[in-house]
Amino acid sequence: MNPYVLTILLSSLGLGTVLTFASSHWLLAWMGLEINTLAIIPIMAQQHHPRAIEATTKYFLTQATAAAMILFASTTNAWLMGEWEIHQLSHPLATTTVMLALALKLGLAPVHFWLPEVLQGLELTTGLILSTWQKLAPFALMIQVAPTINSSLLVAIGLLSTLVGGWGGLNQTQLRKIMAYSSIAHLGWMVLILQFAPSLTLLSLSLYIIMTSSAFLTLKTNNALTINTLATSWTKSPTLAALAALVLLSLGGLPPLSGFMPKWLILQELTKQGLPLSATLAAMTALLSLYFYLRLCYTLTLTIYPNTLTATAPWRLNFTMITLPLSIITILALGLLPLTPAVTAMLAL
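The sequence shown begins at 1 in UniProt numbering and counts up one residue at a time.
Don't take every hint at face value.
Simulated restraints, written as ranges between beta carbons of each label pair [said to hold, decoys possible]:
hint, residue 1, residue 2, range
1, 304, 48, 30 to 38 Å
2, 287, 6, 50 to 58 Å
3, 225, 42, 21 to 29 Å
4, 150, 264, 20 to 28 Å
5, 223, 82, 20 to 28 Å
6, 264, 229, 53 to 61 Å
7, 287, 54, 21 to 29 Å
Hint data in this document are derived by calculation from the structure and do not stem from the laboratory. All C-beta atoms in this analysis are idealised placements derived from N, C-alpha and C, irrespective of residue type, glycine included.
Let's have the full structure, built from the sequences with the hints guiding it.
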């Protein structure tokens, strides 16, 4: 793709998200979401491969449907209640429709079916953008409308997403589909606590973006798309393979890694709010996700691809990919747990 065109598209992507962040009016927020969607579509379709075109078409149709639902809900609220402000969304029909539309935009269960299929058709860099940056604008709207939404609906969507995210990834061999189900499960944890502690949702979202970025950049560096190709990682770079296994365990939420922090605080908050059953179910669904992360770790670190030559090839080309972002993000994905007391103190302010 022409670098000037790519710069314009990435700038539009940023503009759409910032516009949604800054808006207090539903029409302006809707415009931001539309700019965001239209900017990423050419980036998704740049490969000119049938799978990429199919993924782009599916993504466009789902996002257009969600945007139409948001417009319908906001217009209905304005018609019935006379309010266009995002914070003033008060009619039950409008709030439920907006929640389902934002769930469709994010890929939350039960409207998650498009996400694994779309992510499977994209290259890893575009998949990274879709799994991280594209979640920000809908989440900003969801946090603003959360106080008006029925808490039972939020808890149900959150628990169903954690269950689907864990269950769906069990039988997968494609890494991009596994990352898609991982995304669904993590978003479920965020929605679960959204109404009770929005600051915890933001903390979870930040750590999810850090850990997912590290996982995608590792897969990009190793050029791995399936579980079988992960087995070659140890031969190529033993250090990166060991760190990648730790990043996957961090995504699974094991201590003493960064990913344990949000799960720990969310379970604690759910218990404080008098929802021990929801906390128990969420913790049990996390075990499903942990299984497929452990499966990836096993392939990465305990399986060596059959090689005919054990020595390093003397003619191997120098590695030209920039690895500084991967190094920084991996350190953050592994070592933030000791900051938990400071984070809890900041959240209490």
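query: So the hint says 21 to 29 Å: do the beta-carbon atoms of residue 225 and residue 42 match that?
result: Cβ of residue 225 to Cβ of residue 42: about 23 Å, so the range 21 to 29 Å holds.
message: 30 to 38 Å was suggested as the range; check whether the CB atoms of residue 304 and residue 48 agree with it.
response: holds (36 Å)
task: With 50 to 58 Å as the target window, see if residue 287 and residue 6 comply at their CB atoms.
output: About 41 Å separates the Cβ atoms of residue 287 and residue 6, which means 50 to 58 Å is violated.
task: Evaluate the given range 21 to 29 Å for the C-beta pair formed by residue 287 and residue 54.
output: violated (33 Å)
query: Would you say the C-beta atoms of residue 223 and residue 82 sit inside 20 to 28 Å of each other?
result: With a Cβ separation near 56 Å, residue 223 and residue 82 fall outside 20 to 28 Å, so the hint is violated.
- prompt: Between residue 150 and residue 264, is the Cβ distance one that fits in 20 to 28 Å?
  reply: holds (27 Å)
field: Range hint compliance [Cβ, residue 264 to residue 229, 53 to 61 Å]
entry: Between residue 264 and residue 229, where Cβ atoms are some 33 Å apart, the hint is violated.
Checked against the numbered hints given earlier, the structure breaks hints 2, 5, 6, 7 and satisfies all the rest.
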